[in-house]
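Number of protein chains: 2
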Amino acid sequence: MTLVNVWITECITDTGKLLALLTLPRHRDVMTSLGDKGSVHTQTKVLSQGCWTQVSCLCCVSERVEPLVLIQLSDNVQPVTKRWLISLIEASKKHGGAALLAHPGEDECGNVIVVSAPRCTLLRATEDLGLCKKYRNEEMASFSYHDRDNFTNVDDMQEFLTLAEHQYIVKNELDSLQTQKKQRIPGVPESLGVLEAWENICQKLVRAGVIKDIFPLHDQQRLNDLGRSWYYKKQIWGQPLDAIQSYFGGTVAFYFSFLDFYTWALVPPAFLGLVLTFLLPGGGGVVKEQAGEGVMEEDDNGPSVSGHMVQAVFSMLWSTLFIELWKRRSSSLSHRWGTLNLAERFAGPRPGFHGTLGLNPVTGRLEPLFPEWQRQLRVGLVSLPLVGLFLGLVVLGMTGFYHGEALVQGFHQDSGSLFSGALLYLPSMAHIVYTNMLGNVYHAVAMQLTEWENHREESSFQNHHTTKVLLFTFFNNFAVLFHIAFYKQDLPLLRKRLASMLIGNQLVNQCTEVVVPFIVDRFLSAPHKKEQEDNLEVDKLRAQRSLPPFPGLFAEYIELLLQFGYLSLFSCVYPLTAVLLLLNNITEIRGDAYKICKLFRKPFSAPVSNMGVWQTAFEVLGFVSVMSNCWLLLLSPRVQEFCLEGGISGKNIILLAILVEHVLILVKMILAFMIPDEPDWVRIKREQIEFNSMQALGQQKL
Amino acid sequence: MTLVNVWITECITDTGKLLALLTLPRHRDVMTSLGDKGSVHTQTKVLSQGCWTQVSCLCCVSERVEPLVLIQLSDNVQPVTKRWLISLIEASKKHGGAALLAHPGEDECGNVIVVSAPRCTLLRATEDLGLCKKYRNEEMASFSYHDRDNFTNVDDMQEFLTLAEHQYIVKNELDSLQTQKKQRIPGVPESLGVLEAWENICQKLVRAGVIKDIFPLHDQQRLNDLGRSWYYKKQIWGQPLDAIQSYFGGTVAFYFSFLDFYTWALVPPAFLGLVLTFLLPGGGGVVKEQAGEGVMEEDDNGPSVSGHMVQAVFSMLWSTLFIELWKRRSSSLSHRWGTLNLAERFAGPRPGFHGTLGLNPVTGRLEPLFPEWQRQLRVGLVSLPLVGLFLGLVVLGMTGFYHGEALVQGFHQDSGSLFSGALLYLPSMAHIVYTNMLGNVYHAVAMQLTEWENHREESSFQNHHTTKVLLFTFFNNFAVLFHIAFYKQDLPLLRKRLASMLIGNQLVNQCTEVVVPFIVDRFLSAPHKKEQEDNLEVDKLRAQRSLPPFPGLFAEYIELLLQFGYLSLFSCVYPLTAVLLLLNNITEIRGDAYKICKLFRKPFSAPVSNMGVWQTAFEVLGFVSVMSNCWLLLLSPRVQEFCLEGGISGKNIILLAILVEHVLILVKMILAFMIPDEPDWVRIKREQIEFNSMQALGQQKL
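Sequence lines, in order, name chains A and B. In the numbering used here, each residue carries its 1-based index in the first sequence increased by 790. In the numbering used here, each residue carries its 1-based index in the second sequence increased by 790.
Possibly wrong hints are sitting among the right ones.
Any copy, or any two copies together, can satisfy a pair, since identical chains are not distinguished.
Stated by the list, open to error - In silico DSSO-like pairs for lysine-lysine, Cα to Cα no more than 27 Å straight-line:
(1) K1278 to K971
(2) K1388 to K1002
(3) K961 to K924
(4) K1458 to K1117
(5) K971 to K1002
Keep in mind that the hints were calculated from the coordinates and are not lab data. These numbers come from a predicted model, not from an experiment.
Turn these sequences into a full structure, and let the hints guide you.
Here it is in structure tokens:
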């Protein structure tokens, strides 16, 4: 790395102004560094200090500017366009700018802009986001810009805000750039480059092809430190969650925290599964002896009646406890990370949001407005039926497949020719093609629908989109299993299918997710890396773009959810599920960690207070699992036989199962209600914040 | 009424001080009245003005003090005790008093104290309660004492706070009187009269027999006005809800609002019931012809299959819509009445609350503390199983009754003697005695348990107590019907029982609730009233004590809930239920109104933001009704026959019913989720209040 003495006091910036400001003593901490000027050799990470645009207020002057976000422009961008964009980024808010710092890269013709943020912009954004930070009394408190001097570390922005928060704030400020009146983008042909009044500038520039990408930059030093304590670690348990939160941000940290918690939670069911499978083998005493050998052959390695019961009731209680305890864990993490009191509702709308321009009745700001009832109507009357339609199409496809298979098999038995033998593969191939096409169409439709629903908040948008895709993926994956369990009522087949799906999926996932990219990264791209060593620093930054963008956590979460589904919905059929999942998760933690650190571009990650809709999905699955377990118990041939021997008629068994199901759901609801969603101490902290805010309102003279 | 000139400027109070303060010009509005002194002849309602204790600050001096609450002391109370109590009531907060105004009644030996409240105490309490009041910009805003001059009507306390709020505040202040150190109550024997440090004074005085009663006083003029626009009105629809809220307070107003809403909501099911009963008579086309006459005789007046279906699905949808729309109505009422933002959590604990003395971690006040988890454990591990045990005893009693009846009937058939004939009545008599005793024991246990759970907030206490009693009452009332429907599976009997219960209950209720008390009040106690006319004013106030205390709204709510239960759980058996309920409700509104105005002492009524646990109860009943309706549909002989003709086996009908049940519950949940719980405009107002509070916190320098 290039060491540059920070005491460059005179430097011509690209706009030609003298950056004399840097010589002025900085707000507080530069005063001390003036004292021992000789020893101050702070490393500027990458770029030459002087080329940053100037800051507008004294307190933001800093001897070190960290590059946070890279804007990759198109290769044929005009210098005039780039200058215009830089001036927009550096302009103050009241002049319609983003009040950030920009660096033109190697020169003003290059196709990158590196962006950073001055202290005041960061602090104001912290207040707007509603982040909680440590107050001087060591308690967390909602950050207030007016009261900033009472917060700890407020003079050292590296300590005060995490890297992920820095980068999210920069992205947020760039995203909220808006025109105030109609204007042209300089250097862009008129057909593309006209901005309407109040149009979102970044979105427009992307559409006009000026901006190709905006992504946060890795800090190699910290990334290596993080990796050492994360995936290169020797112990199996434990992840550096705080460091992950600090480096990758809220959503990523919540995913890994959940993965961690889930892995721990798998220990009891795995233990029970092992006991049921190996210590209580076969049919369990009385029932086996009476069952004979002929009929029950295929059910040989299934658990006994009491084992079935134990497994089903345990699974039900376990899933409830798991979710309830996770909620508590989640709220204490949220307190720790200062996101207990986020103010997303009161922030500006997300970039894609549109509506008639008006005054927000709550905040009084000028912004697009869209009535809530209209959104609800769109969700209820259009999205819901459309999603239902697609789920219906999945079922239709499956029915068609089974129908076709029976048809083809009949034909093959009749004719027995080579042609009819080849025809046997047709239904499953047609089904695969159909499912894939349907999936692609659905994903496009789901995105369009969610855009059209016009959600004001990013989290609301994400939740609605996730719910849609989630429902479909879940249906797609479980339709076959449900068909086997509820329609064919063939438990041995279900058991086989479940085992092969679990093991097959795991192997495939681990391979595609980790092993292949690892090999590619380690052995194929290593020499390429060496070459770059002597290049310009800006090129190194630009090189991060060669990594593929992070695909988001959706695939990771859905994997966990499907696993949880196998476990809670059907585990009483195959008790070893939990053991397999436990093994899978231990490698999954390392695999995912390696992946996010090494194989992808760094993602932006918003501060969040929980897992959002995923938590609900796990909770709903818990309820569905009660129904499914009751049903499987009812179907289990041994249980049926057991009941028949006890003189209970088939109709009454069903009625009994209904009763048991309703009682178990009631128990589950009471349990969920009894366990508070947040630990007492978090509740008290939250109420303290609320109380203080109420008190403040009382004391304020308007 | 006695007209007393308010300009009594010199009056020796009972403590012998000169109440010269009254001559001082009052904060704002007395200045104007000084101008036209001659015309000011304000009525003091009842008591001579001068005998009120003095106010401590100038702004509270008022030319008219309204008697709000009467403390009835025991007949043999010592004057020294009464003086001590009065001095406690008038003392300022920092001297451990209640900062209220007291009046000794006719003289200092009498056994009443009349209490009122000065302006400052009222305003501070308004802030502490978290009431919203109209701001100068005509919006509702959380009242703040510091900012009081910006609220409308703040100088006219009669306009600013409702009578019910006045009285609730006085009760609240009296209830929160606490000793600061150990002391003796003067004039009370030492065995009874020693107050420990931080003991609740009012509770102690009640236990020591000094205070017999504390109740709010009626304002006859306003009561008569209210009655004229309420129960003496000619039109059937509409109640003066705002006037009710103002005079009787939140809980009462919410009850009557709900009754009103419920009555309106009954119109569609009543209409459907009439159509199904009279326009589509008997068996409905095809089914009837095929059913023959022999088997179906007893099912003659039941609705047809399609009628059944329509009724069941309609009932399910209706109950969901009803509750969801009521939630919206409730939140808009709550906004209208300024209770959207109540701060009960941050107020002091309820009088019965005990714990170790410590600093409240949220508010920082010294008060008894009790850990939340311990309360949860008590609820979960003791209360829940005990309530379950009692419900079990109800079922046991019913089983015993049926068992005994069968036994006795067998015996009677065998012997046929007079003795055995008389014995036939034994089981039902034993069951009645058993049920009554169980009920009494349970009520005592429920109260003790809820006390022992040690809830900090009054609303939480009420909710837990109500839930306990509610569950039991509901079980007691519906056990027989459920037994007939689910165990005996005898629909014609269910229909008969339902009709007789509905009509019988209504007749009995209306008689005992309204007609009898009305006759007693009108014809028997009228001469007695005349006599009192010339008595002292204080005696008139005291005479309000001769009325029985208001028994609370529990009985009224449970009546509505049971009705709603009959309607939603079993209505597809007897479609005329809604018509009967509609008729009942129309008289119920007037009956309840008359009752609360005329026949009982005025109750204290807290400002509340909704119906509390009753809303949940109605919601839960809605879900139970889906299950019950599916089951009844399944049992209905016509439906079963219809299915058998369609070639569906008995087992498959049950499975179909389960499927339908689950789908309907899903639809219900989606519907409940889709309809927002508060109208958009209320949401915006609520968010405005939250946003302002957040902004205030941001601007406050700590």
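Quiz item: So which of the earlier hints does this model not fit?
Solution: 1
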